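Mind assembling these two chains? They're in different frames, but the hints should get you there.
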Amino acid sequence: MRQTIVRNVAELPTYGYGPRSGPWWGAMGFMALEGMGFAIAVGAYLYLYAVNPTWPIGASPPDLWPGTAEVALYLLSIIPNEYTNRVAHRQDLAKVRICLVVMAAIGIALLVLRGFEFAHLNTRWDNSAYGSIVWLILGLHTTHLATDVGDTVVLAVLMFTRHAKPRRFSDVTDNVFYWNFVVLAWLPLYVLLDWVPRL
Amino acid sequence: MSMAAEPNELRDDVLNGLRLSRQLEKVWRTPSGLVGALMSVDHKVVGRRYILTAFAFLLLGGILAILMRVQLAGPEKTFLSADKYNQIFTMHGSTMMFLFAVPVMEAFAVYLVPLMVGTRNIAFPRLNAFSYWMFLFGGCFLWISFALNVGPDVGWFAYVPLSSLQYTPTKRPDVWAQMITFTEVAALAVSVEIVVTVFKLRAPGMTLDRIPLFVWAMLVTSFLVMFAMPSVMVASTSLILDRLVNTRFYDSSSGGHPLLWQHLFWFFGHPEVYIIFIPGTGMVSAILATFARRPVIGYPVVILSLIATGFLSFGLWVHHMFVTGLPQLGAGLFTASSMLIAVPSGLQIFCWLATLWDGRPVYRTPLLFVIGFIVIFVLGGLSGVMVASVPIDTQVHDTYFVVAHFHYVLIGGAVFPLVGAVYYWFPKIAGRMLSERLGRWNFWLAFIGFNVAFFPMHILGLIGMPRRVYTYTADMDWAHLNLLSSGGALIFALSFALLLVNVIYSLRKGELAGDNPWNASTLEWATSSPPPPQNFDRIPVVKHRDPLWADNESLPVVAGLSAERREVLLTSLAEAEPQIREASPEPSIWPLLAAIATTVFFIGSIFTPWAVLWGTPPMAVTLIGWFWPAGSKEDEE
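Read top to bottom, the protein sequences are chains A and B.
Under our numbering, the first residue of the first sequence carries the number 14, and numbering increases by one thereafter.
Under our numbering, the first residue of the second sequence carries the number 210, and numbering increases by one thereafter.
One chain only, chain B, in its complex shape (with noise of 0.2 Å):
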């Protein structure tokens, strides 16, 4: 099996400085114009599109919660009909979830992961760019919909018997379940590139105990979305069998039942808070080290952490349905469980502050932002451990207190760490800082209107007020509260508004960051910035936990891959000691045509069952096209 390198050919240990950085450049380049662009499968080029067009459906689905909360802000407002609120909290959650959330966290690993492991890009990137494309389309699809006025309305969990098409029969829960498929696919198969690429494409010497704690977050993420979202997919493949073509999944007269729904979904749903949330730990260990100016403590206690709570958060589920008559045990069994996983979270909570409080922190923006996730995420928390209790959350169950408990959870857990970390590694995706007097604004806007939003919703829950309204009578004194929460709203609103300021002004003027602004210790910040197509000129070789801080002045590199085509290293699993010069797929236009033929398959079966017929065979011959050598060098060995 051995196949040593031609004795031709151009290898990396043969050529030095400018001239190897020109030459990689030219291998690994995106091709130019239009074309070119579509048939990118550089990691950072996908990567930034993924992290952009997350974005783009935060804003979407930022406007919608401000036209509920404009809406909600005093009562029997007008500003929004029945129908279109529906329609509108719908669409607000699905986004937020499936088309934000969930997307941005991979988005950000796409980017980063290969950097910090040092490689020169992700494992099947091709498939890399297909996922890319898939979620573009799932989610225009979804809005597209939403303009037609065919936007789902059915919430965000799309509940059976109302989303089936007896209650609902027309084509807006068609319309969230093949989203949801479009946009699990791409998450798949982000997932398995991600995994491989952690345990295969390391740098030399990266052990399984040097590996960057935001890539090892990553890798239980990744895990945890492989065996979350099939779950999602055969809930939401049923449901839409049930109706287009009659099966009879969750049809209680045929021997259905609508909580096998439930079930299906929530054994999906609640993984998925975790799988937004441990890649928010993984932004928060990385910030709280470079700014504390030390390691974080405790990184095997922060690892096992992430891996308990990968595990548990299976076990989980069944406390979103304790309302649904459980029998005891079961409900004993599952409050257990759910308030076991506060321990691993809080074990990383104080490994946190332990690492703040032995360093030197340094107060810039991406801090602040960790520090208002742990203000927030454990106010969260203890909500949560409130709402773990049977008799807890049966007063509350569907009430705003639970509104406000997830967005507690939600956005204190996930969103604050990740404007942190925009603030944090833009400078590595642009190469210029973001303006920190901005940033302060930023931070205190975000952190004050979010608890003036948010806060309220905890009493109004307690004292009655159901989620899901459109409205309400001003006799039920909820007016003043809903006033200050719609306030709030907009204090927050503005404090993204702030952040797209600060983007757009300092990709143009913000300060130069060079390759290590802020004397951080993982090996992104060992390349300039914005990297260059094939990251490391010489791939690094790893001896060290923080092998920047070890040594900042020289790098230790291996040679020998070559310089005329794409090449990466494949290490070993656990010790990442050099196994294979493996050849890294070329640009090409395959993903997205292959990707355009899934969309009318899966389009097409919401209309004709007969689409599974005709849309399947462009999508084999689109397949093989991908698959099938190009003649091009890597692929002939």
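Chain A with its partners taken away, still in its complex shape (with noise of 0.2 Å):
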């Protein structure tokens, strides 16, 4: 077939930010099938909350410290990861690195807070359904954020070697963007887990 060529996109950029460049749409979809995930997990929580006469089932809510103080943690972090968002942007390499080790810093500080919340469920995953489903949303969720902060901790050490090139800057603000959903996931677990057996 005879081609005739009616356009040159030799002048469009490499790489973009936002809903211009693919990764983020990878990121949207991501989001979207494991936000759907947790749906399902709470839809199980509330199922087996409707069905049982008493709830929690044979233990006592959550200790509620650990929990509140990753919302307020959790909440702070926008901050900083709002920041990096906007050095990124600017493609200032000085701060995104700075950025990156403060954002992967604080996800380790909530992957510790997570372990005490952990010890604090005053539940075990095998004493009824009602351990098990919290010990599976707060394990689902954990996974989310330990793989987070595992992407920001590789994503930190990349921008301090050669490869810290342009096109990396897009790949921190879809860091920014899936910390973000991170922090979103949590606030309305936060409220199932920690709240709703006091209900």
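Because the hints were derived from the structure by calculation, they are not lab data.
Don't take each hint at face value.
Stated by the list, open to error - Listed next, the stretches of chain B that the computed footprint assigns to chain A, with coverage defined by at least 3 CB atoms under 8 Å from CB atoms of chain A:
#1 408 to 422
#2 776 to 785
To be verified - Every beta carbon over 10 Å from chain B, so not counted as near; a handful from chain A, in silico:
#3 V19
#4 A45
#5 V84
#6 P93
#7 A118
#8 I119
#9 I121
#10 F131
#11 L151
#12 L197
None of the values given here were measured: they were computed from a predicted structure.
Glycine is no exception: its CB is placed at the ideal position from the N, C-alpha and C atoms.
The structure is reproduced here in structure tokens:
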């Protein structure tokens, strides 16, 4: 088939941010399906809550302080996270490096807090269906937290190497985007895990 | 953020003709040798492997079906033991649903969608390779387990409490649950790739209302996968946790509830039917337009029907649970929604009939299969409306009536379009035509064989034969119809043998296809058959919904993409305006290594929970290796 060139795209950029880029949509897709996973797990919790006359089953509700401390730290983390987004858009390598280190440290702190939260659930996974679903939901969210922290650490290391090229700033903004999802997912789960058993 | 091309970079606007083709081939080809093959990230290579593997599982699942039909051909046969029979019907259902039907549809999308939207590779090609390996390993895991007599035997939906440790204290249900995890990971990955490919990699000018109907169908299917499969992953994970670390999700003595399983499973399981059927409708639309020699009538109606079907498919799951003692309001609601979904499906059927009626149909093999689809699917739809009603469902629940119904829907709705699609796209994939003569035999054997095999099951169900029984006594009076059904099954199997013969014969001796043997209208036919590694020498520009019918002499294209490294053109979501020249990943061995590490993790965790601990570091290492820039030029921009 004969070809007729009707347009030249040589002047287009080779990477972009947000909805212009492919990886952003990929992250969006994974957030959608992982969000669905959370929704299903929440549905399972509420189903078990509805069919059982007592809730929690054979345990006292989780201690409030670890989950609440996490909420505070998660919400505060949005500030450095958003700042990371800005300096990445400005392609300010020095500041991006500092921000990624800070975000990795926050993530690790949250993982430590998460350890306390497991210890203060006041139930084991094999105690009752209540214990099982609580551990499942907390485990599911911890997987997301750990994955994002791992990703942040790798990205932070990468930005200290010779691979810290302009297109990596777009990766940093995608990482920022995903962190917001981890934060956002935690808020309803916190209400569910820590407050529904107190109703 | 603007990073214009380096001035000295070789681009496709300075090369022409054969020199351009050769240069792009060099950049985009899969490396040679075994290691090269294992590194491939070409969507056509991965897609072909996906299709072949899925058909291999069809063959295996089909052999199981024949074994069951031999066992049931007469009363009190001892060809299969009860235990073997349980494994076989479970393996048949699980293989057909999880290893054939869903993967084969995604496989066609992996091969065709990038070509149909006019790009060089799928979005996230390494994830695509990873997805294939996960599918392959998951399928092999199930079948090797079966060969070792650890094949699951609790039915393809593995209801608790039967599948709980107390009632099935073997490894069989664990194998089933973990196979689910493998295949869902694979399917979810492909879905995200398809969504991003359709959203961002469309050729310039391919606005939303110019997307081919098959691509629309795969887009809707991908969203269905993304929102349905997490449910079965939660289900299979909780089941395996109950069995391995004593969680109590389904243990009614500790607050668990067996019906939770049914809700979680069918919240996935019902959309699953549409995950299989909607791609079939996309294939039908593509084939019908080409052979009716006119665009499908009611393009927006078809798309809105697909989307409506997608939404409604999430509101029907409870009709699988009508006999569990639902509140009346629930039963009423789900009856209504189950009947409602017949409306968008019906609209599509009328659009197709109108297209046939108004067109100048050319009755080649692909069109025959489409007509077979319409007949069989409508019959399946009618019995579907019947079982949507609670009183009828209560009567025929778990009988052969249901077996007949879902085979009419699934084989009619998906396998007939699929075989039509094989005849239709084989020339593109292999470069040669399938034999038309064998094709006609193939169709008539399939059509007659299918109906002889499955129609009698309606009657068997109505006269009381339950599904999943390994034998029956002579005084039940089920023998004649069962024998008839078994005979039909053999004829149906023969039709697939003929398809295999046709494929093998035509690969060597088939007539050369050329670029566009059917004179079709969509972009995959604008390149050679089989397409070169780069798909298109230059990215097409789309000005019409049926670009090759609007102008079959010349193809408007864009230039300016790199000819010395892998680059694809990203366009805007709605208008498909060019936005970015984005690098596309090079071949890599890491997706395979990541899949191996994940396989060790998944299989290990069946035997010890500690696998979650020691299995994680290798996965992390392979993922870092995967994403770490390898120092190639496109990574360093």
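Hint-by-hint comparison with the structure:
{"no.": "1", "hint": "408 to 422", "result": "holds (count 4)"}
{"no.": "2", "hint": "776 to 785", "result": "holds (count 5)"}
{"no.": "3", "hint": "V19", "result": "4 Å, violated"}
{"no.": "4", "hint": "A45", "result": "6 Å, violated"}
{"no.": "5", "hint": "V84", "result": "24 Å, holds"}
{"no.": "6", "hint": "P93", "result": "23 Å, holds"}
{"no.": "7", "hint": "A118", "result": "19 Å, holds"}
{"no.": "8", "hint": "I119", "result": "20 Å, holds"}
{"no.": "9", "hint": "I121", "result": "15 Å, holds"}
{"no.": "10", "hint": "F131", "result": "14 Å, holds"}
{"no.": "11", "hint": "L151", "result": "13 Å, holds"}
{"no.": "12", "hint": "L197", "result": "17 Å, holds"}
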